[in-house]
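Protein chains: 6
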Amino acid sequence: MSDALFEILRKVTTATITTMLLKKGIRRCWMNGPKPLVPRGERLVGRAFTLRFVPVREDVATPESWGHPISTRAAIEEMPEGVIVVADAMGVLSAGIFGDILCARMKKRNVAALVTDGAVRDRAGVLTSALPVWCAGIAAPASVTGLTFVGWQQPIGCGGCAIFPGDVIVADDDGAVVIPQAMLEFVAHEGAEHELYESWVFSEVENGVKLPGLYPPNDDAKARYAAWRKSRS
Amino acid sequence: MSDALFEILRKVTTATITTMLLKKGIRRCWMNGPKPLVPRGERLVGRAFTLRFVPVREDVATPESWGHPISTRAAIEEMPEGVIVVADAMGVLSAGIFGDILCARMKKRNVAALVTDGAVRDRAGVLTSALPVWCAGIAAPASVTGLTFVGWQQPIGCGGCAIFPGDVIVADDDGAVVIPQAMLEFVAHEGAEHELYESWVFSEVENGVKLPGLYPPNDDAKARYAAWRKSRS
Amino acid sequence: MSDALFEILRKVTTATITTMLLKKGIRRCWMNGPKPLVPRGERLVGRAFTLRFVPVREDVATPESWGHPISTRAAIEEMPEGVIVVADAMGVLSAGIFGDILCARMKKRNVAALVTDGAVRDRAGVLTSALPVWCAGIAAPASVTGLTFVGWQQPIGCGGCAIFPGDVIVADDDGAVVIPQAMLEFVAHEGAEHELYESWVFSEVENGVKLPGLYPPNDDAKARYAAWRKSRS
Amino acid sequence: MSDALFEILRKVTTATITTMLLKKGIRRCWMNGPKPLVPRGERLVGRAFTLRFVPVREDVATPESWGHPISTRAAIEEMPEGVIVVADAMGVLSAGIFGDILCARMKKRNVAALVTDGAVRDRAGVLTSALPVWCAGIAAPASVTGLTFVGWQQPIGCGGCAIFPGDVIVADDDGAVVIPQAMLEFVAHEGAEHELYESWVFSEVENGVKLPGLYPPNDDAKARYAAWRKSRS
Amino acid sequence: MSDALFEILRKVTTATITTMLLKKGIRRCWMNGPKPLVPRGERLVGRAFTLRFVPVREDVATPESWGHPISTRAAIEEMPEGVIVVADAMGVLSAGIFGDILCARMKKRNVAALVTDGAVRDRAGVLTSALPVWCAGIAAPASVTGLTFVGWQQPIGCGGCAIFPGDVIVADDDGAVVIPQAMLEFVAHEGAEHELYESWVFSEVENGVKLPGLYPPNDDAKARYAAWRKSRS
Amino acid sequence: MSDALFEILRKVTTATITTMLLKKGIRRCWMNGPKPLVPRGERLVGRAFTLRFVPVREDVATPESWGHPISTRAAIEEMPEGVIVVADAMGVLSAGIFGDILCARMKKRNVAALVTDGAVRDRAGVLTSALPVWCAGIAAPASVTGLTFVGWQQPIGCGGCAIFPGDVIVADDDGAVVIPQAMLEFVAHEGAEHELYESWVFSEVENGVKLPGLYPPNDDAKARYAAWRKSRS
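Chains as they are written, first to last, in our numbering: chain H, 1 to 233; chain D, 1001 to 1233; chain P, 2001 to 2233; chain V, 3001 to 3233; chain W, 4001 to 4233; chain G, 5001 to 5233.
Hints listed in this document are in silico derivations from the structure and should not be mistaken for laboratory results. Ideal placement from N, C-alpha and C gives every residue a C-beta, glycine not left out. Do not take every clue at face value.
[Said to hold, decoys possible] If you want the footprint, here are the derived chain D segments under chain V, 3+ residues with CB under 8 Å:
no., region
1, 1025-1038
2, 1064-1075
3, 1155-1161
[Stated by the list, open to error] Straight line, CA to CA, 30 Å or less: simulated DSBU-like cross-link-like pairs of lysine-lysine:
no., chain 1, residue 1, chain 2, residue 2
4, H, K35, P, K2222
5, D, K1107, H, K222
6, P, K2011, P, K2222
7, D, K1035, H, K35
8, W, K4107, V, K3210
9, G, K5011, G, K5210
10, H, K230, H, K210
11, P, K2222, D, K1011
12, D, K1107, H, K210
13, G, K5107, W, K4222
14, P, K2011, H, K108
15, H, K23, D, K1222
16, V, K3035, V, K3011
17, V, K3023, V, K3210
18, D, K1035, P, K2222
19, G, K5035, W, K4210
20, G, K5107, W, K4023
21, D, K1107, D, K1230
22, G, K5108, V, K3107
23, V, K3035, G, K5210
24, V, K3108, G, K5011
25, P, K2024, P, K2107
26, H, K11, D, K1107
27, G, K5108, W, K4011
28, V, K3230, W, K4108
29, H, K35, H, K23
30, G, K5023, G, K5230
31, W, K4011, W, K4230
32, V, K3107, V, K3035
33, D, K1230, D, K1011
34, H, K23, V, K3023
35, G, K5023, G, K5222
36, W, K4222, V, K3222
37, V, K3023, W, K4107
Sequences and hints are given; from them, build the entire structure.
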């Protein structure tokens, strides 16, 4: 069932998704920080696979640590196809969590995207890897300069949101949002309906209709929309 | 008279305007925050039409509030042609004050531009609306997620500047500045003169002249500039 | 000797340079703030020529000060060919330290680039000057609105790093790093070697090889790399 | 009726009030910033009387402005007895909105307290005035150094909260909270009940009872509390 | 053995401990944020027992969650005697992680102290509980207003430091530091020695000796110190 | 002459000093950051002796550097009696620039006070040294953990102000202000006059006089003040 819902969500903007979640009382679902490395107009949907960093400590965060069992390398090999990796870098912008090689490996494993409130390094190389990336910055230094990797698939914070493994992530040019599993169906169906309504409102505005009474709609606008909606089907 | 001054100001950079205002003792006139959504090299001039938000409170900032008499929708219908809307979003970057529909309606009403120290939502839709926008970020969530709209045409703060309704706003790729009405004529005429002088300095630099004695000018440079200026007319 | 090392460094990413410096115990070498005004994919190398600002004080930071013996104008005339100017603007983003004219003069003097943790003004004009610029923002107001210039070729802070006159600066799309003179040779030679190794790793990843055991390499990977490296020479 | 509710609220901690408001869906009611100038253990309750500042502009924010019709002086003379003044200083901590003289006048008018997300000036003098003050800092400069006063009894933001004239403010050593009028009765009665329950829990904890099952209570704890509560009356 | 080392550490300032750790290459060991709720001049030492929060999400961070198996209440019942609880509140200062009741229960379980980069609530009640607290602020709202509790005894970040369960924590009026287990003996013995040396330097300064040659010591100062040290034993 | 002016300034609050400087067009004279380590109600006046730090770099900021010719130790031995030391720590709060020993030596040399926008370490020891300190925080780590000392008696920034060696510093419970030499006499004499006037206003307010017309004074108030002032002499 998720597949069908994901297909629907690919046509629902993250802006609309946040409005649907607000109806359910959720105000903290948009991650403040991650932006598309290059805005491309694409929208991606996937399950969250989480990564967790804590601050650097010089005795444990070393280049040697990259070979340890608990390392970003090991985490990557555990990533299922199609997931969106969400990395809690605590908003640190002075160290890049991944560069060209790790991004290329994630791409090879068919990871859908990387989302982080931290930075990536080697911008040119990351673009070459073709992995879609939402991040809060670019920094040359390696992660161990400022961060210690401590594990994966744990609850994390990212950009002021709580992310649990398996939550659904949607990312587009406005950034990335998290949808709790229990609200997935509501958000997809109501969201798609909302998009349709907004496309009608936009065309009304193009035709010179005023906003009061239209958006939100009064009874007259509701009737006109219902008629338009019917005529489309 | 304003029209002629506005015409002159369209050829004066915001950088030069701040220098003219500094001569009048004004150091706080450039808004720290608003940037062109997409730098296009254009410069816009208009009277300020102000909007004011305060922080969100869950009992009043709701989707239902969009239909109230004091709402962003109602404010838009009060905007005269040619104004530059300046919205005080208190620098909140986790909620977008406007999306595609409201921007499209402003465009339809011939609003010249939107300037805010907050964010807009639905980047793709806002670009489609063709309303020129200077903002401090992009965020998917609706304004009511983080802000409560409380009125228009009041004094506001925006990007660390005080903006009063009717002040003159100039915006280009360096951002947006506010010119108090009483200094408008001075800024336009002195600014235009300064642009001419700087164009001559730039050509002198291209010819290899050193900066000391040229910029600011000593007597010799003043004489050479006077001669050049005369030869042009 | 520096020339040959600079030539090598032009092919080493700032990301790799930070990793080499980490091996020497240096974690603070990447300036947090300066970004290319427009990412162009180029990498520049040069000796640091430092400029220093302190906060504005209205009695000393005036347009008149631009003609004083200690002024940005005077400093520019002292800049040797090929240097990378690093300006400590204390991270102030509400005043632009240089505009089109000063950048044009620096370009004329064959300054290689300008790096600052502050802002530049007159974006369009700076781009016209063709001086490569790494900065943390764009601001219309002149430096004297927020800063007082106090001297050149002194130790400074820039983007959280200590910069001493004569340090080597490398800047690319990831930002700018400083290399202490004593580590220059190590960084250049080890860095070049590291780039070669990473290019091999990248091709291995493209061929589907897993990261654990490859990056960092186990004995088998080391042997394969050695063979590949030998085959190239 | 308010008087009786205010009397009750004087015995309910701001911590408990925020918990009661959370039950009503309100998460933004505690002002992040204002702290007691000197913690005294007192709790004050009153209607909000709001003041509003925008950023400084050198042509309007001058010592001369202190004599204008729209001035802090005029606002003070409009303050009814018993109100708690809430001043929106936009979090500016480099200018003090009031000093000894204005605080003394407010005290004379029987203003209950001053709450601001900004600073006060002349700490010693303010303490001498005996006006209870909750502020975010101390700063020597006058308000006009950083702020322009623009009016009173308008909706404002303070410490991340929306405050409307007439809202109820409660302030103690944890800071200041705002209670929307419509929730006043609920908060007072439920809050008082909650305080009683927590006092029982505290005594249970002192007796060595574990938290799980006690706080929040399971059926057994509920029964024991009911018995204790009954025995008190 | 730890007991003896802890006994020694109780007489070593956190300032000296950071200097000893710097000798081992550790610069990130002092937590930037936690301060004594009330400076008392005491110094506490204990093993770290970690708590972890992520940002609030309205569907999971509710008052009901306080009764769940993974809750702060359950965590408290797992705390061994003598530990110093270190809570990663991600520096959130708008919600208090614990109030009087939870602090009282921790005190009852002989927890040595609570250290957090967040806030506590109900300042008066926390002081009544007599649990020593190092925190970064006071806030009335409950943790669920801004945070979601997700577990205990995991690696965490606190005040910019990585803390692993079992690390040694020392807290005094300068704040709290973390000592990696492997460096405990070095820090205790060298630290105690350093304190002795500094007490001698202090008395030398009181006697009017200049700092150069004394601190750090030249050969003469070393000899005088050695003589003094010998005379004491 | 300075001595007499200093004597006058000891009775003028820093709040009043900032108002006098505002009359001269100076808005940036109060340092945002330094606060008395313990508010004592005392006011100190002295010439600025400046110290300058840049960010840490691991190859130069080491405990060994404490013995170098350019070191804080050497700087202290250059300090004349009665100066107020102003240290530019770039607002870094995670390293303490001085502890008990250096403060004790400064006290011994009759330094009047230490003012910094950074932190001091070993709070208890600094209090023991009896050197009056205005700082922005307390931190256990030594300066070399986060800062590199580079020199003394240079122009610096401190708390957003430019400080030049020889400027006059006044510090009290509201913090510290800088007075440019050229304005010293004006500030002292006008400030003393202003204090007298404000003491009269305060007594008027105590007597129930309204603020409008009194503060700033209208003609009637001016006359009454003149009479009162005359009666005192």
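Taken at face value, is the distance from the CA of K210 (chain H) to the CA of K230 (chain H) at most 30 Å?
holds, 23 Å
Restraint check for K5107 (chain G) with K4222 (chain W), where alpha carbons must lie at most 30 Å apart
holds, 24 Å
For the pair supplied as a hint, K2011 (chain P) and K108 (chain H), confirm whether the alpha-carbon distance does not exceed 30 Å.
Roughly 26 Å separates the two Cα atoms, so the pair holds.
If you draw a straight line from the CA of K2011 (chain P) to the CA of K2222 (chain P), is it 30 Å or shorter?
With Cα atoms ~23 Å apart, K2011 (chain P) and K2222 (chain P) stay inside 30 Å; holds.
Pair hint K2222 (chain P) and K1011 (chain D), alpha-carbon separation not exceeding 30 Å:
Not OK: K2222 (chain P) and K1011 (chain D) at ~63 Å, beyond 30 Å, violated.
Please verify whether K5108 (chain G) and K4011 (chain W) have alpha carbons no more than 30 Å apart.
It holds: about 26 Å lies between the C-alpha atoms, which stays within 30 Å.
Would you mind confirming whether the straight-line C-alpha gap from K1035 (chain D) to K2222 (chain P) stays at or under 30 Å?
violated, 50 Å
Hey, K1107 (chain D) versus K1230 (chain D), does the alpha-carbon distance stay inside 30 Å?
violated, 43 Å
Would the hint linking K35 (chain H) and K2222 (chain P) be met if the CA-CA limit is 30 Å?
violated, 37 Å
Would you check the hint for K3035 (chain V) and K5210 (chain G), treating anything up to 30 Å between C-alpha atoms as holding?
Distance of about 28 Å is within 30 Å: holds.
Hinted pair K4107 (chain W) and K3210 (chain V), Cα distance within 30 Å:
Distance ~12 Å between K4107 (chain W) and K3210 (chain V) Cα, so the pair holds.
Hint consistency between K1107 (chain D) and K222 (chain H) [alpha-carbon to alpha-carbon, up to 30 Å]:
holds, 24 Å
Against the hints set out earlier in the document, violations occur for numbers 2, 4, 11, 15, 18, 21, 22, 25 and 36.
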